[in-house]
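Number of protein chains: 2
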Amino acid sequence: MSPRVTALSGYPEYLPAGRIVEQRVLDLLRETFELHGFGSLETRSVEPLSVLAGKGEIDKEVYAVRRLHADAETEAELGLRYDNTVPFARYVTEFAGKLNFPLRRYQIQKVWRGERPQQGRYREFTQADIDIVGADQLAAHHDAEIPLVMLEAFGRLSDELGLPEVTMHVANRKLAEGYYRGLGIAEPAGVLQRVDKLDKIGSEKVAALLVDELGLDTDTAAACLRLAEIRTPDTGFVERVRALGVSHELLDEGLAELAAVIETARAYRPGGVVADLRIARGLDYYTGTVYETELAGHPELGSICSGGRYDSLASDGRHSWPGVGISVGVTRLLAPLVAAGWADASRSVPTAVLVAVDDEASRPAAIDIAGRLRARGIATEVAPRADRFGKQIRYAERRGIPFVWFGSGEVKDIRSGEQVAADPDAWQPPAGDRRPAVRLH
Amino acid sequence: MSPRVTALSGYPEYLPAGRIVEQRVLDLLRETFELHGFGSLETRSVEPLSVLAGKGEIDKEVYAVRRLHADAETEAELGLRYDNTVPFARYVTEFAGKLNFPLRRYQIQKVWRGERPQQGRYREFTQADIDIVGADQLAAHHDAEIPLVMLEAFGRLSDELGLPEVTMHVANRKLAEGYYRGLGIAEPAGVLQRVDKLDKIGSEKVAALLVDELGLDTDTAAACLRLAEIRTPDTGFVERVRALGVSHELLDEGLAELAAVIETARAYRPGGVVADLRIARGLDYYTGTVYETELAGHPELGSICSGGRYDSLASDGRHSWPGVGISVGVTRLLAPLVAAGWADASRSVPTAVLVAVDDEASRPAAIDIAGRLRARGIATEVAPRADRFGKQIRYAERRGIPFVWFGSGEVKDIRSGEQVAADPDAWQPPAGDRRPAVRLH
Numbered sequence: 002m003s004p005r006v007t008a009l010s011g012y013p014e015y016l017p018a019g020r021i022v023e024q025r026v027l028d029l030l031r032e033t034f035e036l037h038g039f040g041s042l043e044t045r046s047v048e049p050l051s052v053l054a055g056k057g058e059i060d061k062e063v064y065a066v067r068r069l070h071a072d073a074e075t076e077a078e079l080g081l082r083y084d085n086t087v088p089f090a091r092y093v094t095e096f097a098g099k100l101n102f103p104l105r106r107y108q109i110q111k112v113w114r115g116e117r118p119q120q121g122r123y124r125e126f127t128q129a130d131i132d133i134v135g136a137d138q139l140a141a142h143h144d145a146e147i148p149l150v151m152l153e154a155f156g157r158l159s160d161e162l163g164l165p166e167v168t169m170h171v172a173n174r175k176l177a178e179g180y181y182r183g184l185g186i187a188e189p190a191g192v193l194q195r196v197d198k199l200d201k202i203g204s205e206k207v208a209a210l211l212v213d214e215l216g217l218d219t220d221t222a223a224a225c226l227r228l229a230e231i232r233t234p235d236t237g238f239v240e241r242v243r244a245l246g247v248s249h250e251l252l253d254e255g256l257a258e259l260a261a262v263i264e265t266a267r268a269y270r271p272g273g274v275v276a277d278l279r280i281a282r283g284l285d286y287y288t289g290t291v292y293e294t295e296l297a298g299h300p301e302l303g304s305i306c307s308g309g310r311y312d313s314l315a316s317d318g319r320h321s322w323p324g325v326g327i328s329v330g331v332t333r334l335l336a337p338l339v340a341a342g343w344a345d346a347s348r349s350v351p352t353a354v355l356v357a358v359d360d361e362a363s364r365p366a367a368i369d370i371a372g373r374l375r376a377r378g379i380a381t382e383v384a385p386r387a388d389r390f391g392k393q394i395r396y397a398e399r400r401g402i403p404f405v406w407f408g409s410g411e412v413k414d415i416r417s418g419e420q421v422a423a424d425p426d427a428w429q430p431p432a433g434d435r436r437p438a439v440r441l442h
Numbered sequence: 002m003s004p005r006v007t008a009l010s011g012y013p014e015y016l017p018a019g020r021i022v023e024q025r026v027l028d029l030l031r032e033t034f035e036l037h038g039f040g041s042l043e044t045r046s047v048e049p050l051s052v053l054a055g056k057g058e059i060d061k062e063v064y065a066v067r068r069l070h071a072d073a074e075t076e077a078e079l080g081l082r083y084d085n086t087v088p089f090a091r092y093v094t095e096f097a098g099k100l101n102f103p104l105r106r107y108q109i110q111k112v113w114r115g116e117r118p119q120q121g122r123y124r125e126f127t128q129a130d131i132d133i134v135g136a137d138q139l140a141a142h143h144d145a146e147i148p149l150v151m152l153e154a155f156g157r158l159s160d161e162l163g164l165p166e167v168t169m170h171v172a173n174r175k176l177a178e179g180y181y182r183g184l185g186i187a188e189p190a191g192v193l194q195r196v197d198k199l200d201k202i203g204s205e206k207v208a209a210l211l212v213d214e215l216g217l218d219t220d221t222a223a224a225c226l227r228l229a230e231i232r233t234p235d236t237g238f239v240e241r242v243r244a245l246g247v248s249h250e251l252l253d254e255g256l257a258e259l260a261a262v263i264e265t266a267r268a269y270r271p272g273g274v275v276a277d278l279r280i281a282r283g284l285d286y287y288t289g290t291v292y293e294t295e296l297a298g299h300p301e302l303g304s305i306c307s308g309g310r311y312d313s314l315a316s317d318g319r320h321s322w323p324g325v326g327i328s329v330g331v332t333r334l335l336a337p338l339v340a341a342g343w344a345d346a347s348r349s350v351p352t353a354v355l356v357a358v359d360d361e362a363s364r365p366a367a368i369d370i371a372g373r374l375r376a377r378g379i380a381t382e383v384a385p386r387a388d389r390f391g392k393q394i395r396y397a398e399r400r401g402i403p404f405v406w407f408g409s410g411e412v413k414d415i416r417s418g419e420q421v422a423a424d425p426d427a428w429q430p431p432a433g434d435r436r437p438a439v440r441l442h
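Just so you know, the protein sequences line up as chains A and B, in that order. Under the working numbering, the first residue of the first sequence carries the number 2, and numbering increases by one thereafter. Under the working numbering, the first residue of the second sequence carries the number 2, and numbering increases by one thereafter.
Bear in mind the hints are in silico, worked out from the structure with no lab data behind them. Mixed in with the good hints there might be a few duds.
Derived CB-CB ranges, DEER-like [stated by the list, open to error]: (1) B:A432 - A:E301: 58 to 64 Å; (2) B:A54 - A:G378: 24 to 30 Å; (3) B:R389 - A:A257: 45 to 51 Å; (4) B:R117 - A:A297: 32 to 38 Å; (5) B:K99 - A:P300: 27 to 33 Å; (6) B:G98 - A:A257: 58 to 64 Å; (7) A:G121 - B:D28: 28 to 34 Å; (8) A:G121 - B:T233: 57 to 63 Å; (9) A:A297 - B:D28: 50 to 56 Å; (10) A:D28 - B:A54: 35 to 41 Å; (11) B:R117 - A:D213: 52 to 58 Å; (12) A:L69 - B:A8: 43 to 49 Å; (13) B:A268 - A:G378: 39 to 45 Å; (14) B:D160 - A:K99: 30 to 36 Å.
Glycine is no exception: its CB is placed at the ideal position from the N, C-alpha and C atoms.
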């Protein structure tokens, strides 16, 4: 390749061991999702720009796609997806007649956002979503089910791979909107968008925005922020909101919905969720429950798993398909851990056994041994060159391959140096050596 | 979603059961590749246009990507990858210092080509590649290893899922180029490109192109086509090429390389490969062995698995990383089979058991039962509504979920109607019902 190779900022790529970490995490997510009856779906990477537009702050980050030699007038205006929810809503609308509702799907795909590349922000990254979508209606208990499925997945990431604990922060847009309306604010969406910046710019600056940009008086702005201060591990938030003395029908609805989610989640995952009225979410399509998730000890990662309820995203005018879902920012979670050495794999290849080659004439015998080991599920490669054995052992060592098999009928654990006679039709590696061990610290 | 939903031609999307078929095929490919010591890698979806350009016919099919609100002058010119080989070569060049060679990797990712959408052509599709790349050199025996790994994968697709048999057609560019040069042709690449169209337009038209566009005389054009007629299941091709009376050093080299591949592959997979000198491949970067693969009974699919040896694709001027690889056109293979009903799954969801709900008050008990079944790896969902049981059974039926669990402590096989008392901590579904059964006809 003659053109100079340049790293592109914002497009992370893993080395082989990093990819093994990512695969293990994705496998575990998939397994958990499928155990809960979520089926995999993938959508095309592009959508008409009209589908991608009008969903809030994200609009300005869309990537347009066009054939280099396109005829500008005949080609549809397409853009790359920036999340898995909007394309899924389009998919549901397009294929509704062939789908069974409620539909439970997971979707693990890359998304693209033209953000300014910086710490924790990527232009291409992997999201792992679960969603449940109903036809015209969707029961409220799914708002509690979604975080429980995800907390079970994080529980396994913690138990099996060592990931720190997570806490899911839950709020409700109806609650916030009702509260703002109860304060006499006509456009609550503007308040939500600014309150969403609390973590980034702090409460003083948010208050200033509310006054300067939305024209709220200082007291009303302060009242908005008082709601955002409420955070309780149980349904105590209801009383604290009531104590603020605001009343509105939508507020009552939101309080009841959030109380139900917190109560159910606490019953199954004590300590896994908190009601946190600071949570707003930047996307416009959420209509009720909203979720964010914090990784213990890693506030710098921001929310690693977010989502919410969307009652009107998927609609064709006659029917609507309300949904609730949540999305793990897999790259946002793992790329910094891998880069910092907090996530690693015990080897950089799937191979458990390297079959050494005495000389090129005996390569067929080595291939035969490898085939017999593979037939019993043991990942095996044959040494690429009939070098002296020391060099072949180093080939294994550099990759972390634990065992080297010799044509003499012996297998060596190159970590301990122990070498024993073994039968390729019967020998088993220790269970822990069958595949690379992955640790997240 | 207000904008009208329009299907985009050339961007296939599966319904849930189709995706289950695809997942099973991808899982089986991955498992086979990892058993052979290939590690997973993914590259970013975009490359600088300079990296994507200059690789042959594909150039005009590149999709350019640009932020909608980009500043035209400061943004790199990027395009979506059209295969997994060119980005992998770039990756190798970029990260060479951190990789161990020979590097064995597989890569299962989407690629994009702005082809005119038509039968069997897609604008977005999944490719599953394996490649072995060396530092400055790569032993010839890998040219025989690559088809054997892939034939093992296809053997499993055949044995386990019922896919028809495949035959791999192997040729060698040195052989063809040497032969053309031996005929006195100065630009063999032009001949290769036109011979590559043999299957599409037939030998008469190819001969006409060779005469009209390249200025060959009729006899030379006919001699080019005589080479392309040679197809043997063994090394018989060597003698048949010799009989054409052309000689060139590069021809000898190509004959020896191809003979070695065919001989080795025949030893391990009798009948799996044929030497077929019609095979040319459209991409410019191949330098030796080239592969194509035919699915028995499905000539309309074209080659479902193609690749070859590329000695100079990855190079930074000082070093080069020669490689050999092959790529399954997963979408090209499966999308038509799924669309025609030749590929199906026994159910459209991963779920094996639906736990019925007596009334909303007993939902926690149903959630508890579901959790105990999942703890033993049984995919389970809880009925979304406490409808009458007939309706809940229909919920399962429509999705193909084989078992419904009742709060009374009984489980019903809804296919046979058999209902038995069962313990959620001990009951097991038959092994064949644990996950959806997939068949490719």
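Hint check results:
1. B:A432 - A:E301: 58 to 64 Å: Violated, since B:A432 and A:E301 (Cβ atoms, about 46 Å apart) do not stay within the stated range.
2. B:A54 - A:G378: 24 to 30 Å: violated, 43 Å
3. B:R389 - A:A257: 45 to 51 Å: Given range 45 to 51 Å: violated, Cβ gap about 27 Å.
4. B:R117 - A:A297: 32 to 38 Å: violated, 53 Å
5. B:K99 - A:P300: 27 to 33 Å: This hint holds: roughly 30 Å between Cβ atoms.
6. B:G98 - A:A257: 58 to 64 Å: Given about 59 Å between the Cβ atoms, the range holds.
7. A:G121 - B:D28: 28 to 34 Å: This hint holds: roughly 32 Å between Cβ atoms.
8. A:G121 - B:T233: 57 to 63 Å: holds, 58 Å
9. A:A297 - B:D28: 50 to 56 Å: violated, 33 Å
10. A:D28 - B:A54: 35 to 41 Å: holds, 37 Å
11. B:R117 - A:D213: 52 to 58 Å: holds, 54 Å
12. A:L69 - B:A8: 43 to 49 Å: violated, 24 Å
13. B:A268 - A:G378: 39 to 45 Å: This hint is violated: roughly 24 Å between Cβ atoms.
14. B:D160 - A:K99: 30 to 36 Å: Since the Cβ atoms of B:D160 and A:K99 sit about 31 Å apart, the hinted range of 30 to 36 Å holds.
In this structure, the hints that do not hold are numbers 1, 2, 3, 4, 9, 12 and 13, in rising order.
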